[in-house]
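There are 2 protein chains.
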Amino acid sequence: MLRPWKTILNLEFGTEKSVFQQIADQLIAEIIKGRLKPGMSLPGSRILAEDLGVNRKTVVLAYEQLIAEGWLEAFYKKGTFVSEKLPKQKQRRKQINEDSMSALKNFSFTAFNEGVPINIPTDMPLIVFNDGLPDVKLAPLDELARAYKRIFQQKARWRMLGYANERGEERLRTAVLLMLSMDRALNFNLNQICITRGSQMALYLTAQVLVKPGDFVAIENPGYRPAFDVFKRAGARMLPVKLDEQGIDVKELEKLCKLQSIKAVYVTPHHQFPTTRSMKADRRLELLRLSNQYGFAIVEDDYDHDYHFGSRTLQPLASYQNAHNVIYVSSLSKLIAPAVRVGYVAGPESFIDSLVALRMTIDRQGDPVMENAVAELMEEGLVNKHARRALGIYRERRAIMTRLLETHMKGLADYEVPEGGLAFWLVFKKAVNTVQLAEQLLKTGVQVISTERFSFDEQPLNALRLGYASLEAEEMERGIKLIAAACY
Amino acid sequence: MLRPWKTILNLEFGTEKSVFQQIADQLIAEIIKGRLKPGMSLPGSRILAEDLGVNRKTVVLAYEQLIAEGWLEAFYKKGTFVSEKLPKQKQRRKQINEDSMSALKNFSFTAFNEGVPINIPTDMPLIVFNDGLPDVKLAPLDELARAYKRIFQQKARWRMLGYANERGEERLRTAVLLMLSMDRALNFNLNQICITRGSQMALYLTAQVLVKPGDFVAIENPGYRPAFDVFKRAGARMLPVKLDEQGIDVKELEKLCKLQSIKAVYVTPHHQFPTTRSMKADRRLELLRLSNQYGFAIVEDDYDHDYHFGSRTLQPLASYQNAHNVIYVSSLSKLIAPAVRVGYVAGPESFIDSLVALRMTIDRQGDPVMENAVAELMEEGLVNKHARRALGIYRERRAIMTRLLETHMKGLADYEVPEGGLAFWLVFKKAVNTVQLAEQLLKTGVQVISTERFSFDEQPLNALRLGYASLEAEEMERGIKLIAAACY
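Residue numbers (the working numbering), protein chains in the order written: chain F, 1 to 488; chain R, 489 to 976.
No lab work stands behind these hints: they were computed from the structure. Model, not experiment: these values are computed from the prediction. Watch out, some of these pointers could steer you wrong.
[Unchecked claim] Capping the alpha-carbon separation at 30 angstroms, the derived lysine-lysine pairs in BS3-like fashion look like this:
(1) R:545 x F:251
(2) F:385 x R:545
(3) R:566 x F:258
(4) R:525 x F:85
(5) R:700 x R:730
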């Protein structure tokens, strides 16, 4: 025999949940627990109402709902019963709690461990030499806020809130194309570009469209691990190619081309990641020649072209006359702020068409409000203005870094003053265990990136990449001194 | 012999591009075209400067740059030469233009044609019965604009502009968890949820983590094509399962389970897409029992739970006590606006961990500014307020649709007044070629969705899905009359 309903159904009055809903939910819980079994009769609505001290209509409403949902059945003149159609439940006494799902799951899935982020603490009193990120404190936030405001106020704002063009807002594509034409000598049309969520999504889409499982993809080694991950994820067999001062070793690449059919080569020619070196002209031409001869795509990641201190920025491979197979990937995130995720990929129209179709499956479209706000910033020249201002500040910080390295690191490491980008690349003169070094430095309040992240085989390198753009002079000085001290 | 330099180098003064950069770029172009060959000597800087009518320093700067980049070499007392290290170029006369890439590409890639969007014209005078989308004109845009403004003004704004938590802003996860707990009887913790770019990305990530190529995945048929695409893309072998009035045919599903190991079952239990029917209690329990017995994951897409007209919303499968294998997917996009891409996926913590690692590879993180703005709307109860207001309007529109269908379609089609969601599902009493019907209707100014989109085998169905939420009474009336007329 069941206990009195009053003790089974535990109603709370004056809460957000209506009483009838509480009754219905708790009856379901009893059915699921197996205490109310299929075919069991329920008290009449009047009796239950009295028992619970509620209005009869409340109980009727609950019963009606549960009948509609199939938990209960009503038979004329007989009453209300737990549905006979329900499968028998084993009685379970375990409380529903937030651990029940994770504790008892019995399906299997693939565990991903690649792509684990570099932890960039923002509120620790550490001196962080990061990956080469821009200083978020310089981000044109007020300008961006004003652009958002204007976008929200404009007449056409409603249109923006429905589904949008999956290639990105035409206004932003137009602004980016103009910038690419002026700054990078690139001439693409509106159908040859797709706006993405940062360059990461541009790389992901590119890899997924280009590569079938088992295809060979060559990459620079050391290089950019998130790009390695993207190609590996697409099923690529990876061919790491070494670098020298001029850039990727094209002789080694050609040997690889002769051994197997290579699908794509991923390069960062403007400021190679992590070494910061620019790929020299002969390497560029040779790479393009090999691409045309062996029919591989070049994925050119022009990630850092905004920050170049030389008098003249190098033009991207994609701008060369014989660049028939180049997929061009870049981003505005480093120019505005990392959190403003605007990347893009440009290439042959049929390739972009295919990439856009895949993009539909992944996230359907971008954020039209944000894309229009960024387009407005670009149209008004505010992005350029910000870039010039930021470049001036980074130039000063680079000069400070140069002096500090000259004073404290010259005997310890070889380095070049980078032509562009926001990091220095130091190669130690003697063997240094950089994993231990990083651990040791952390204890003294300095964070550097573990160098096994850069090498394809995840072995530590005898080098350091020091991103300096977010550091004040005093922090750089303390940081470099501590690094030098730890190396002796 | 070369023509005079003045005719080769075509300088423009007073443009954005500096003269030295024009000289450098054009010399490179000549080298690439093969007119300047490796080893060829260049005129002295004084001579070239005179010839071009520019300051000698300008030419020196250009030469220095090109030497640094490896295009030219300088030998003491001998002069400046095109670098011998450059590979020989075939002479090309083709102009660089925007077609050159697409015309001449010789790499191959996978063409995607799945996931092609439904075209939703927004500026045509058509009467559009859409998929069941909310009315963007009702979107709480002023509230959203104010939330953005406050986010941009707050002190912690700088922090938001760096890289963010790849699971989504904690503030938004907290707000969503509270909503799920109040409205959906779901208890997840902060590590059991990942904010995504709309429910589309939630489905994509889920499929990629769950499914290995060759795995079997069962889906409702008819069903939601973007979900089919996501599982197909992950390499799933698809098992379409038919529906009846109660929901997915669990008997058929159990037969399939006995034949092969099924990895996942994708369902839309709240308002099945496209038929709008709710899955009944016995089906729900049976589905959970099968999931626990055969060890498959249930991917529960709770896409439309915000819009329910019954007195009580059905609780999701994931809230059931024995829901050990349920991955819960939903979205705020339908509540706020389609363009505000906030979806989420919740499930066992280890599963979400893996999903988040994959997400890092795809787009790294979401948009922290937007996520905080949406969280603020939720915290202030504005999302709920908007939902109640919108629901009232949709309830009226549903009533108008009900009357119109009653008057004009009753003899032609069977339908139920949907308990929730923003569409009606009409099944024709006699055979109707719905492809022809859609074409014919378009000529009269009415757009309906082609029904082959809903069926797994892409065969037209003898049915129509009529999304009504964005239509005024007058439009509905004209639309329904034209549909009825076309059916006779």
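Status of each hint after checking the structure:
1. R:545 x F:251: 37 angstroms, violated
2. F:385 x R:545: Satisfied, since the Cα-Cα distance of roughly 27 angstroms is no more than 30 angstroms.
3. R:566 x F:258: 40 angstroms, violated
4. R:525 x F:85: Violated - the C-alpha atoms of residue 85 of chain F and residue 525 of chain R are around 86 angstroms apart, more than 30 angstroms.
5. R:700 x R:730: Distance of about 24 angstroms is within 30 angstroms: holds.
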